[in-house]
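Line order of the protein sequences matches chains U and B. Taking the numbering used here, the leading residue of the first sequence gets 1, the next gets one more, and so forth. Taking the numbering used here, the leading residue of the second sequence gets 250, the next gets one more, and so forth.
To be clear, the hints were calculated from the coordinates, so they are not data collected in a lab. As the structure is a computational prediction, the values presented were derived from the model and not from experiment. Do not take every clue at face value.
As the list claims (entries may be wrong) - In silico negatives: residues of chain U with every beta carbon more than 10 Å from chain B:
(1) Phe-19
(2) Ser-94
(3) Glu-97
(4) Glu-103
(5) Glu-106
(6) Ala-179
(7) Ala-188
(8) Ile-196
(9) Arg-198
(10) Asp-210
(11) Ile-227
(12) Gln-237
(13) Lys-241
What the hints assert, rightly or not - Straight line, CA to CA, 20 Å or less: simulated SDA-like cross-link-like pairs of lysine to any residue:
(14) Lys-80(U) <-> Leu-507(B)
(15) Lys-407(B) <-> Met-120(U)
(16) Lys-407(B) <-> Ile-116(U)
Just so it is clear, CB atoms sit at the ideal spot from N, CA and C, and this is done for glycine as well.
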Amino acid sequence: MSNTNTDFLLAIEDLTVSFDGFKAVDSFNLYIDKGELRVIIGPNGAGKTTVLDMICGKTKSTQGSIKFKNKELTKLREHKIVRAGVGRKFQTPSIYENLTVFENLEISYPWGRTVIGSLMFKRDQKVLDSIHKVAEQIYLIDDLDKQAEFLSHGQKQWLEIGMLLVQKPELILLDEPVAGMSVKEREATAALLNEIVRDRAVIIIEHDMDFVAQIAKKVTVLHMGKIIAEGTMDQVQNNEKVKEVYLGH
Amino acid sequence: MKSQSTPTLTPNEGFLDKLLSGRSSFLSYSLLALILVVILPLTLSEFRLNMCGKYLCYSFCCIGLVLCWGHAGILSLGQGLYFGLGGYSMAMFLKLEASDLESTKIQTTPGIPDFMDWNQLTELPWFWQPYHSFTLTLLLIIILPILLATLLSFFYFKGRVTGVVFAILTQSMVACAWYFIVGNQGFFGGINGMTDLKTLNGWDIREPSSQKILYFITVACLFGCLFFSKWILNSRLGRVLSAQRDKEERVRFSGYDLTAFRVFIFAVAGVLASIGGALFTLQVGFMSPNLIGVVPSIDLIIYTAVGGRLCIVGAVYGSLLVNTARTLFSEAYPTLWVFIYGALFIIIVLALPKGIAGIWSDHLRVRVRSLLKLDKKDKPEKLTT
Ligand SMILES: Nc1ncnc2c1ncn2[C@@H]1O[C@H](COP(=O)(O)OP(=O)(O)OP(=O)(O)O)[C@@H](O)[C@H]1O
Ligand SMILES: [Mg+2]
């Protein structure tokens with residue numbers, strides 16, 4: 001485990017996890033700058049989700065270090081990592097179906113996350129303002145009182161992104177945010193992501209190449225737990241190894 | 250539809266608004282108060298009213314189960330343990346008062362409870378000492394369940410033991426408690442329980458007039474507990490609890506440490522059960538291990554399911570109705586009751602997962618409202634009353 005401090009927002013070094021001897025992620029290195037938007041692509045089962053799982057503490061790594069603002073994350077429990085400033089969106093939209101859009105966003109509000117704090121929580125003007133601001137961003141301002149289960153699939157994805165925004169994280173991890181979206185919704189999402197990234201770093205996992213081309217500046221390609229290419233979309237698309245992996249797939 | 254009247258957009262809801270949010274919620278509390286405070290006392294005989302008071306004690310446990318099972322998703326098959334904690338605490342206080350030197354002078358050691366004397370104890374055990382004081386007894390009725398629930402759940406919740414495994418653990422805990430009491434006859438009166446409880450600070454609790462007062466005290470405590478529970482459910486904590494029931498990971502990755510939340514609601518359920526147990530002892534005049542064992546604990550689940558496991562008011566109706574039915578049927582057709590009880594449970598599980606409260610919220614409310622023209626095409630309201 002390295003003790004060197006870096007200027008990177010996130011520095012992952014030599015990250016490895018093995019499930020019963022199978023290395024789902026193998027000696028993985030990744031450096032993310034403040035305000036960077038990074039896309040991770042790769043065929044099914046490449047280990048993309050597993051990387052995010054390890055950053056946010058859902059899966060414990062076997063070896064390696066994850067430093068966020070020079071703070072080691074591998075030993076922290078999930079809620080501590082969140083409070084340090086990392087937000088995570090899951091592959092399948094994970095929202096509270098029985099609650100309204102407003103309540104969904106409110107639960108993520110980064111205040112009153114203890115037992116006493118949540119009992120005493122007041123819905124004051126500051127809370128309302130920040131929730132309205134996020135609702136506007138995620139195109140759900142008119143649906144605040146709608147029960148979340150009645151949202152369309154795309155809107156659910158936005159809502160989950162909104163729940164992260166309310167937390168005001170410095171790093172957002174998005175697992176396939178446009179899966180199941182219509183073309184129009186994809187465009188709106190691309191606009192949303194480009195806006196989000198102005199204040200924070202974002203790591204996105206995505207399969208859809210057209211969408212990736214719309215948003216990505218830098219792409220990392222993962223295959224069988226290892227990085228096989230890294231660079232701009234053009235560079236990556238012309239990389240022989242990448243072509244092989246995607247064509248052979 | 251960006252209306253200003255919608256509840257989510259009003260800042261700073263007042264305490265009372267929160268407590269009685271919505272007209273239907275206010276109505277359901279008024280109706281319950283009307284039944285318990287006016288109708289039942291006026292129509293029932295003293296004997297029957299006392300029985301209702303007894304059933305109401307179970308509903309304290311059921312309210313706790315609504316919070317912890319219905320809303321937080323933590324099924325406890327061992328609430329009898331906490332019912333017993335309160336019940337035995339009260340019984341120990343009353344037993345000490347009944348065992349004064351004068352009335353126990355024929356014993357080998359006068360001044361200690363009779364069952365201790367029969368078991369050759371010559372001294373009051375140290376843990377009985379606090380029960381000389383009524384104030385301490387009341388405190389212990391609240392504090393003991395908090396301590397025990399925390400101790401028995403903290404490590405499990407921290408290790409993320411939930412669901413069926415936790416339910417079975419709670420069940421085995423209540424079984425342990427039963428064996429513990431039965432095995433320690435000298436300390437707790439064994440299988441016979443604690444009997445011959447007579448007075449509370451000199452006030453004879455066996456008198457019909459006292460029984461009536463105790464009934465009203467029970468109703469008052471019940472409403473206190475209902476309001477307290479409603480306050481919890483309407484707070485952010487209530488929403489976090491039901492959110493973690495359905496999407497545990499999502500809540501955790503919103504920065505919550507769920508261990509504390511789960512321990513908290515489990516302890517609240519324990520305290521409610523304990524209060525119910527204490528009131529039970531007062532109204533029945535004895536406490537025994539068979540009132541708190543495995544079977545009574547499962548009965549509590551059934552009352553809760555019948556009432557509707559998401560509705561705290563429903564929990565009260567559930568325990569009243571099932572117990573009344575049990576009493577009436579077992580007086581008339583003792584053998585038939587078991588089958589009816591089983592059938593009832595199957596019907597609830599298969600056809601009415603939200604219990605009696607579900608009949609109201611899913612089927613009747615819309616009709617009643619449109620009849621009364623109360624409805625202003627609002628969204629389907631959630632069942633958190
Ligand atoms: N908890 C686990 N136990 C065992 N194997 C696992 C576990 N989690 C992931 N894996 C395996 O690790 C590999 C990588 O999985 P991962 O979900 O990270 O892939 P992915 O790149 O996200 O794929 P997709 O594009 O399908 O989402 C897969 O082969 C998967 O079966
Ligand atoms: Mg994946």
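| request: Against the earlier hints, flag every one the structure doesn't satisfy and list their numbers going up. | output: Hints 2, 3, 4, 5, 15 are the ones this structure does not satisfy, whereas the remaining hints hold.
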